[in-house]
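Listed here are the chains, written in short residue letters.
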Amino acid sequence: MDMKENRQRARVLVAKIGLDGHNRGAQVVANGLREAGMEVIYTGIRQTPSSVARAAIQEDVDVIGISSMVGAHLPIVKKLMKELEALNASDIPVILGGIIPEEDYGPLREAGVSQIFPPGAAVKEIVKYIESIVNAKAGSGPAAGRGHHADPDHQC
Amino acid sequence: MDREEWKNLLSLDYKNRGRRKPVYHSESKIELADCYDPEELMKTGFDPEKDLGLPGTFPFTRGIHPAMYRADFWIMGQYAGFGNPEATNERFKYLLSKGQTALALALDLPTQLGIESDEELADGEVGKAGVAINSLKDMEEIFDGIPLNKPRQIFTTANAIGPIMLVLFLALGEKQGIDPGQYSVVLQNDILKEYVARGAYIFPPSPSLKFSIDAVEYCTCHYPRFKPIVICGSHMRQGGATAVQEVAFTLSNAEAYIDEAVGRGLDIDDFAPFIECQLSVPMNLFEEVAKYRAFRRMWARMLKERYQAKKPESMKCFIRVYTTGYTMTAQQPLNNIVRVTVEALGAILGGAQSLSCNAMDEVVSIPTQEAARVALMTQHILANETGIADVADPLGGSYYIESLTNEIEKRALSLMEQIRQKGGAQRAIEEGFYQMLSRKAAGEYQQEIEKGERIIVGLNKFREEKEKIKIDCFKVEEGVQGKVIEKLHNLKAQRNPDDVERCLGRLEQEVRLGKNSIPALRDCALAYATIGEMCRVLGKIWGFYHEGAKWI
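These protein sequence lines map, in sequence, to chains A and B.
For any residue, its number in our numbering is found by taking its place in the first sequence, counting from 1, and adding 21.
For any residue, its number in our numbering is found by taking its place in the second sequence, counting from 1, and adding 11.
One should not assume that every hint holds.
Claimed, not checked - Straight-line distance between alpha carbons at most 16 angstroms, and here's what the computed EDC-like set of lysine to aspartate or glutamate pairs gives:
1. LYS149(A) / GLU60(A)
2. LYS145(A) / GLU461(B)
3. LYS99(A) / GLU131(B)
As the list claims (entries may be wrong) - Residues from chain B that keep clear of chain A, each with C-beta distances beyond 12 angstroms, as calculated:
4. THR55
5. GLY250
6. VAL374
Note that these hints are calculated values from the structure, not bench results.
We treat Cβ as the ideally placed atom computed from N, Cα and C, and that holds for glycine.
From just these sequences and the hints, can you work out the full model?
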C-alpha cells in the first residue's frame, strides 16, 4: 500500500468522555470501523473533553466519535466543542452515538454535532457517513483512488 | 417408529418444506439437534441421580428450595434512584406503596467512583445514572420515613466503594435506631467485573479485590444477615459475553473472592451462604433456563469439591436476575415490554430468587413512572396469572433442557480451566483475556444483525420505515447538581472538621497496617466524612487505576 493511499484512509478517534464506563457500543463501533478499513484510536473510558480535543489534533483525525450512555451527552458535547474551538480545531466533525433522547437532537446539532446515531444504528451506516464527510473534505469524487473500504456493501 | 425411520421422515420433511437455517445454534453457539430425545440426552453423559436430584437438594440443579415458588414468589425488585436524595425518597415510597418488596438504590457515577459532587469530573453527571450521595447526610434523606427494616432487602450497586456503602448503611441504622440484625443490606461489591465491563473502578485490581473482601470479612464476623457481595455475570454479559462465558467468568471471579476470604482464615461455611450471584437473561429462552440450572449445579459442586463446604446452605446459590438492556430496541419501544416478559419468563423458569425487570424506555433514558410500573406489573402478571410458579423446575427432565444444561456446564468448566491456567481471574482480567473474548462475541452479535442473520424486530426487519424514535423521557429535575453541591458545602461547613480529620487519619493508618478497613471507615461515615474524602485516603495508599488509549 503506498503512502498516498495510506493517508486517505479515514482516521477516527472513538472516545468515551466523562465517567460512563459502558464501552460495549464504543468498542463494537471502533472495531467495525477498523474492519471497514479505517484507522481507529479508541481512547478508553473516562476521558476529559480537553484530552479528547488534544488527542484529536495530535493524531490528526478526520472525525471524532463520542459514545454516551448515561445521559451526560449535552454538557459533554458542549465542553468538547469549546475545547476544539480553543485549539482552532472546530473543523473536526464530531459524531455521537448511544442513548440519546430525540428531543436532545436539536440542542446537540446546535452545539455542533454533525450526526447522531441512535441505539441500534448499523456500523455500516456510521462507516458510510464518515466516508461521506471525509470525501467531502478531500473534495474528491470516487475517482480519487479511495481504497476497497469505499465499497458501500463492504460489511464489517 | 424407530429413530432411523423418523430420521428418514425428517429428511423428507426438510426436502419438501425446506429449512429456515442450514444450522441451528443456541446463543452460545451450541449446535442444536433436530429434536431432543433420550439418545441425544445420553450423548451428554446425563446421569439423573448425579446431575439432577430433586429441588432443594444437591446439586441444586432444580432450584435451591424444595418448594420453590409454591412457598413464596421470588423477590420483585426494580432498580431505582435518580437525582437528589429527596426525589429518590419519593420514588422509594411510591414503589413500596405499590407492593414492591425490596429496594434497589442506584448511585450516580461520581458517587460510584468516589468523586465529590462539586469536583470538575462530576460536572454534568450528578444525579444522572442514579442518586448522588456524598455522605451519611444524603442517606438520612433518602431513607427519611423508610426504616431500614421496612423493605425485605435493600440492594445497592456500590462496587469500587462497596465497603463504604456498607458503613453508610451501618451508620444510618445507628441513626434510625434499628439494630443491624433487623435489616438486610445487599452490596454488589464486585470489583473484578468492573475491569471487564462497566468500568466503575477506582483503584488497581489487587487492592480492590482485598478491599471488597474487607466487607465480606466484617459482615461474616458481625452482621450475618447482610449480603456483603453479589458476584455478577450480568454486566459482562451485557458487555458482550455469551451465556457460557458469563457462567465461566462469574464462577472464576467467585473463586478469586473465595480464595481471598479463605486465605484470611474465614470458614467457607460462615460466609458462602451469604454470597449471591447476579446473572443476565437475554432472549434465547431455553439456553437461559439451562444456564441458570447449570450455574447452580456448578456452584454447588465447586463449593463442595473445591472448598470442602459442609453446610448445604453454602452450596445453594441465590441468583439475582436483571433483564437485559442490549436486547431492547429504541425502535418501536413498546415491543420491549414483550421482550422483558420473555426474559423474565426465562429467569423464573430457571429458578431465580430475585428479579428486576427493565422498563421499556430504559433504552433511551431512566424510566418514567408509568414504564417502571409496567415493568413491575409484568412480574405480577407472570407470578399470578400464568401458573408458571406452581411447580418447581417445570422444565426439568426435558431432553432439550437437560442436554443444554450439561453442555453449558461442560463448556464453562473448560473455559474456567483456561482461566486457572492464566493464574486465576484477577490475572486473566489484568491481561485482558475476558475482555478479548467478550469484545469478540459483541462484534459477532453486531455483525449477525447487520448481515440479517439475526433478526431483531423493528431494527433490521419489520421496521416502521417512517418511524421517528420518540419516547417520553423522564428528565432529571434541572438544577439537581446545584442543590447537591450546595448541600455538600453546607455539610462541610457544619460538621466537626477535627473529627473528620482524625477519622480519616485513622483510616490511613489502619489500612497501611493491613487491618480490615471497615471499623475505621464506619467512624469516618459517622463523622460525616464524604465518600470522596475516604477514597482519596485509600487512593493515596493504593494508587488509582487508568485505562490507556490505543490504536486498534
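These are the hints, each one checked on the structure:
1. At roughly 15 angstroms between alpha-carbon atoms, LYS149(A) and GLU60(A) fall within 16 angstroms of each other, so this suggested pair holds.
2. Proximity of LYS145(A) to GLU461(B) is assessed by CA-CA distance (about 8 angstroms); at most 16 angstroms being required, the pair is judged to hold.
3. With a C-alpha separation of about 15 angstroms, the suggested pairing of LYS99(A) with GLU131(B) holds against the 16 angstroms cut-off.
4. At roughly 32 angstroms, the least C-beta separation between THR55(B) and chain A is larger than 12 angstroms, which holds for a residue marked as non-interface.
5. Not every CB of chain A lies more than 12 angstroms from the CB of GLY250(B), the least distance being 5 angstroms, so the non-interface label is violated.
6. Residue-level check failed: VAL374(B) sits 5 angstroms from the nearest beta carbon of chain A, not beyond 12 angstroms.
Comparing the model with each earlier hint shows violations of hints 5 and 6; every other hint is respected.
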